[in-house]
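Student: Below are the chains, spelled out letter by letter.
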Amino acid sequence: SQQGEEDPQALSIQEGENATMNCSYKTSINNLQWYRQNSGRGLVHLILIRSNEREKHSGRLRVTLDTSKKSSSLLITASRAADTASYFCATDQDSSYKLIFGSGTRLLVRP
Amino acid sequence: EAQVTQNPRYLITVTGKKLTVTCSQNMNHEYMSWYRQDPGLGLRQIYYSMNVEVTDKGDVPEGYKVSRKEKRNFPLILESPSPNQTSLYFCASSPFTVQHWNEQFFGPGTRLTVL
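So the sequence lines, in the order shown, correspond to chains B and L. When you read off a place in the first sequence, starting at 1, and then add 154, the result is the number in the working numbering. When you read off a place in the second sequence, starting at 1, and then add 717, the result is the number in the working numbering.
If we strip away everything but chain B, and leave its shape as in the complex, we get (with noise of 0.2 angstroms):
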């Protein structure tokens, strides 16, 4: 079962723009991930947001989380050709151990 849904599936930016990207989910979380994964590789954990959290900051990422309407969305900020890559949230699932995966968001960003 999909539990993150992303959206948009794909965005092209130009380099020096905002991208935001959107995640929204079923089921009630303790917590919401969200991963970087460049082509074919291994994915790289970004940031963690716990249900008691409404945002949070690392470096030029900016996470929001509302509970209420279920959803997340993530922003870089000032976007860089290196930003170039696929991104996914996943949350665990009724408080299970289980973690989902949406199906993520393709970002490009044309030098």
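Worth flagging that the hints you see were computed from the coordinates, not collected in a lab. It cannot be assumed that every hint is accurate.
[Stated by the list, open to error] Below, in silico cross-link-like pairs of lysine to aspartate or glutamate (DMTMM-like), each with a Cα-Cα straight-line distance of 25 angstroms or less: (1) B:223 / B:207; (2) B:223 / L:787; (3) B:252 / L:820.
[Stated by the list, open to error] Just so you have them, the derived chain B footprint on chain L, three or more residues with Cβ under 8 angstroms: (4) 759-772; (5) 819-826.
Here a beta-carbon is modelled for each residue, glycine too, at the ideal position from N, C-alpha and C.
Once you have looked at the hints, place chain L on chain B.
Tutor: Just chain L now, kept in the frame of chain B:
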């Protein structure tokens, strides 16, 4: 260097020939997990383990087995592989505790083709 290693990285095999993909982590993590990644479907969890001798099914466990005899190792076993198990497989580990989730560290992936 803290890492998760997987072997082999690439494997082409035939239907029905048993295979094992190894996963090892050197970070003393409690939580380990296997995922498969298919185009358009994101990552789907196959099995996970909370600690030694504790394993549980993820979303797509059919056709797979795992074991956790030691904390550092979590092999994925395909007893009778079929073509629909052709996929990119990732192992991951995390210093998870019951109270808190933490980031997962991913291995480099194993690309499996079953003919």
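Student: For the stretch 819-826 of chain L, do at least 3 residues have a Cβ located nearer than 8 angstroms to some Cβ of chain B?
Tutor: Our answer is that it holds, as 8 residues pass the Cβ test (under 8 angstroms) against chain B, meeting three.
Student: How does the stretch 759-772 of chain L fare against chain B when you require at least three residues with a CB closer than 8 angstroms, holds or violated?
Tutor: As far as the stretch 759-772 of chain L goes, the hint holds, because 6 residues have Cβ atoms under 8 angstroms from chain B.
Student: Run the distance test for residue 223 of chain B versus residue 207 of chain B: straight-line Cα separation, threshold 25 angstroms.
Tutor: 14 angstroms, holds
Student: For the pair we were handed, residue 223 of chain B and residue 787 of chain L, check the Cα-Cα distance against 25 angstroms.
Tutor: Answer violated: residue 223 of chain B to residue 787 of chain L is near 41 angstroms, above 25 angstroms.
Student: Check whether the Cα positions of residue 252 of chain B and residue 820 of chain L lie no farther apart than 25 angstroms.
Tutor: 13 angstroms, holds
Of the numbered hints given earlier, the model fails hint 2 alone.
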